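Residue numbers (numbering that gives the first Met the number 0), protein chains in the order written: chain H, 0 to 269; chain P, 0 to 326; chain F, 0 to 357.
Honestly, I wouldn't trust all of these hints.
Said to hold, decoys possible - A few chain F positions that, by computed beta-carbon distances, are all more than 10 Å from chain H:
#	residue
1	THR10
2	TYR12
3	TYR46
4	ALA50
5	GLY111
6	GLY129
7	THR163
8	PRO177
9	VAL299
10	GLY310
11	ALA317
Unchecked claim - Below, in silico cross-link-like pairs of lysine to aspartate or glutamate (EDC-like), each with a Cα-Cα straight-line distance of 16 Å or less:
#	chain 1	residue 1	chain 2	residue 2
12	H	LYS122	H	GLU105
13	H	LYS160	H	ASP203
14	H	LYS171	F	GLU259
15	P	LYS32	P	ASP205
16	F	LYS9	H	GLU147
17	H	LYS122	H	GLU141
18	H	LYS171	H	GLU191
19	F	LYS149	P	GLU298
20	H	LYS171	H	GLU141
21	H	LYS85	F	ASP218
22	H	LYS160	F	ASP15
23	H	LYS122	H	GLU73
24	F	LYS149	P	GLU286
25	P	LYS242	P	GLU286
26	F	LYS92	F	ASP216
27	F	LYS128	P	GLU113
In case anyone wonders, no lab produced these hints; they're calculated from the structure. Owing to the predicted nature of the structure, the values given are computational and were not obtained by experimental measurement. A virtual CB, placed ideally from N, CA and C, is assigned to each residue, including glycine.
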Amino acid sequence: MMMQDNLTAGTRQIGPVVMELRNITLRFGGVVAIKDISFDIRQGEIRAIIGPNGAGKSSMLNVISGFYRPQEGEVIFRGVPRGPMKPFQVARLGIARTFQNIALFEGMTVLDNIMTGRLNRMKAGFLSQALWWGRAEREETENRAAVERIIDFLEIQNIRKTPVGRLPYGLKKRVELARALAAEPQLLLLDEPMAGMNVEEKEDMSRFILDVNDEFGTTICLIEHDMGVVMDLSDRVVVMDYGRKIGDGTPAEVRGNQAVIDAYLGVAHD
Amino acid sequence: MDQFVFAAEVVLNGLMTGVMYALVALGFVLIFKASGVFNYAQGVLALFAAMTLVSIQNGQVPFAHLINAALGTQIHHFGWTVPAALAIALTALVMVGLAFLIEKLVLQHLVGQEPIILFMATIGLAYFLEGLGDVMWGADIKTLDVGLPQGISDGIEAATAQWFGYGFFIDRLDLWATLIAVLLVAALVAFAQYTKQGRAMRAVADDHQAALSVGISLRFIWVMVWSIAGFVALVAGIMWGTKSGVQFSLSLIALKALPVLMLGGFTSIPGAIVGGLIIGVGEKLFEFTIGPMVGGATETWFAYVLALIFLVFRPQGLFGERIIERV
Amino acid sequence: MIYREAGDFKTSYRADGQTFPIRLDRWGYYAVLAVAFGIIPFVINDYWANAVLVPFLIYAIAALGLNILTGYAGQVSLGTGGFMAVGAYAVYKLMTSFPDVSILIHILLAGGITAGVGVLFGLPSLRIKGFYLAVATLAAQFFLVWLFNKVPWFYNYSASGQITAPTREVLGFAVTGPATSAPAKYLVCLVLAFLLAWVARNLTRGSIGRKWMAIRDMDIAAEIIGVDPLRAKLSAFAVSSFFIGIAGALLFAVYLGAAEVGEAFGINKSFLVLFMIIIGGLGSIFGSFAGAAFMVLLPVLLKNVLVGNLGWPTDLAAHIELMIVGALIVTFLIVEPHGLARLWRLTKEKLRLWPFPH
């Protein structure tokens, strides 16, 4: 039921700017992780951030998800500059994410993990929950139904009640995606969704990412190392190196950019 | 003016208590740095060491109580007494043996567990050791005397009386305890900084895996730090045991090292020392100034509450490294 | 009927989410309730009430409380004894100040007051974690015990410094004071333990419970998916302290009748309850009961064997008990960190597949 709002399946449309980053600078003590970067993310697109190790990609994602607070610059979400916010408040704006080194709740089952993605939609009061009466029970069933749809979508029905700690790596990545999807986010951030996967698993994951974008119209911003994957998946690419932005455009444009080629293949400095 | 002199005496006493706290806290820091274990049993270790020392000195038969109950015999003493120096050496041996057993039976099986699980395991260990001490040597309050000088120092009283017109009461035992504690602290720092084993210990503290890969034996290091901690506990046990008798409350005094560590930061040797001094002086001054208004005995909680309030503002402690959270 | 899921199809998410999804479990649960409410009250005597059943039920409530904080929300507390003391002194002050109000209301209010104190001492949990927090909760333990010891208002200026529960009745039966019968004590504790266990189960299966567990398993990730850590932690402290406060109130008013704070609510009580949840199982309602039963029965058993049968001195038996408890804690943490509850679950899992384990 709840997902139907987003289910304008069929033709993909890239809409207006959802998220704009303006002149972001992030420092850790004396180290500059991100230096004066600006770019935007449009409604319904798949936006990739690429760059060599240590380029500041993850830091960028952490800025968007509110985990790091940049010293300078503005984060503008849906046209409104975002003031200083705690990460959980950012999540409530409709920004969900996955993590490079899987951050699932190991002691809980797959089902419970995915249900945590819907916590912000569950509003039952304390008393209702304590007595398991009225709203609490109703909400649990409704949200369970929504979660089951995601479980079907990502084809993880058979591990529903397995504790996450027992799952292999590839499946954990998928459960993490499921948890982020359960929030029905406006903007989905994926931090290296295919790191450490074999070719088959990568293909599965690529398919899921495309399907999410296509079927739910979810805006996605992802970091990835595998250039082939990035070029195939994304609509536009930001290239970072040493905390600076060295390229921005469609995959084809970026591929032809001399600065990008230098950063990736290395260039003789004199 | 009088108030000021009283306060000075209080501070002096506090400093000496603080050195003792620092000594026990060092035992914690060493174990924590080398094995990541937050050893709640350190206090009971001190109690156990002191009990063992007294009983060896008196020639008590270990487990006499149990043997008598089980076999209906009436044995209690071997009928000899052991000189203090030899008894201390024997107790030190017992503590090394205990360190070995703890590594073998407990720590080895908990490698890689979460810190909080290890912490709870040491609470279990504390219970076990307390019971063991009681079963081995009996739970009665024992007097410990290894020949340390005791009583009020006349010299200091006379001297201060001359300078301030008021004689300071300083226990000679405290003076000696301070001196020994300072020496031991210096020795431990030197050991950690300049010897091969000390370097290995610090390497393990930094990174278990990396230390293993350059050929350092983790087990050896752990037995070593627990032995050192046992030895430190022995020294602390001697000091406090001499002062107030060997009894259960001794292990609670040693628990004060916990707030000391929270104040100083768990990984910092200077932190343990400064934290010990702050708490020693702080609780004595608080009891001296505020204590009479609220019914006294504030020393039972002052250190904990101080550490709690302090941590809220600076979670890593005075000297701890700043925690940078990552995802 | 055999112990099996197969054939017992669930046709709604609601049926799938129920507490005992397997039919035989459900029947077992009803049978236990029937015995506890329908049979025991008529056969109970003073020995069984005082030595086993009443302390078991009271400690089960305390263990439930600590398990919510430690097992579900992952915040280790060593202040349980202090919080139980708050419950005890709160109920004492309420009983003596408002003698006409029902004791049951006083007990619930005492829980509420303890919840407030728990939140206060839980505030630092936002900044400090793990064993730092555990040590910080010692501040609550030592400070509260000192407070009740030193401020005469709390013990109504009694000369002994003790608090003594006056007689109060529910439905005409005395439940506190010297005239209380064994069935009355038992029933009061049973009803409260049953209701609180049910509430604990409800809270832990819903969104609050998931927030607690998310904070426990990975607090940073929890915050990034939208859990407010302050509210999650403080609600865990509040609920946990509410339970523990009620346990303290019952321990004093119904079980002990009179108490001196250092003796009844010292740091050993904190450890006792912590051990219950370690042995019973962290993050398990059933485990809280199992652990409480174990820790209440162990000394009774040891005393019967060592003192009763072998004729050993009582103090020796007490020391041996310390050793056994310590060794058990270490063993459980090494072998089965999820405690008795998990052993029970494993047995059931085997049983479910029996006789074809593959």
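Now the hints, each set against the structure:
no. : hint                : verdict
1   : THR10               : 13 Å, holds
2   : TYR12               : 4 Å, violated
3   : TYR46               : 36 Å, holds
4   : ALA50               : 33 Å, holds
5   : GLY111              : 13 Å, holds
6   : GLY129              : 16 Å, holds
7   : THR163              : 33 Å, holds
8   : PRO177              : 35 Å, holds
9   : VAL299              : 33 Å, holds
10  : GLY310              : 47 Å, holds
11  : ALA317              : 36 Å, holds
12  : H:LYS122 - H:GLU105 : 25 Å, violated
13  : H:LYS160 - H:ASP203 : 22 Å, violated
14  : H:LYS171 - F:GLU259 : 53 Å, violated
15  : P:LYS32 - P:ASP205  : 8 Å, holds
16  : F:LYS9 - H:GLU147   : 15 Å, holds
17  : H:LYS122 - H:GLU141 : 12 Å, holds
18  : H:LYS171 - H:GLU191 : 13 Å, holds
19  : F:LYS149 - P:GLU298 : 13 Å, holds
20  : H:LYS171 - H:GLU141 : 25 Å, violated
21  : H:LYS85 - F:ASP218  : 13 Å, holds
22  : H:LYS160 - F:ASP15  : 11 Å, holds
23  : H:LYS122 - H:GLU73  : 31 Å, violated
24  : F:LYS149 - P:GLU286 : 14 Å, holds
25  : P:LYS242 - P:GLU286 : 20 Å, violated
26  : F:LYS92 - F:ASP216  : 39 Å, violated
27  : F:LYS128 - P:GLU113 : 13 Å, holds
Violated hints for the displayed structure, listed by number in ascending order: 2, 12, 13, 14, 20, 23, 25 and 26.
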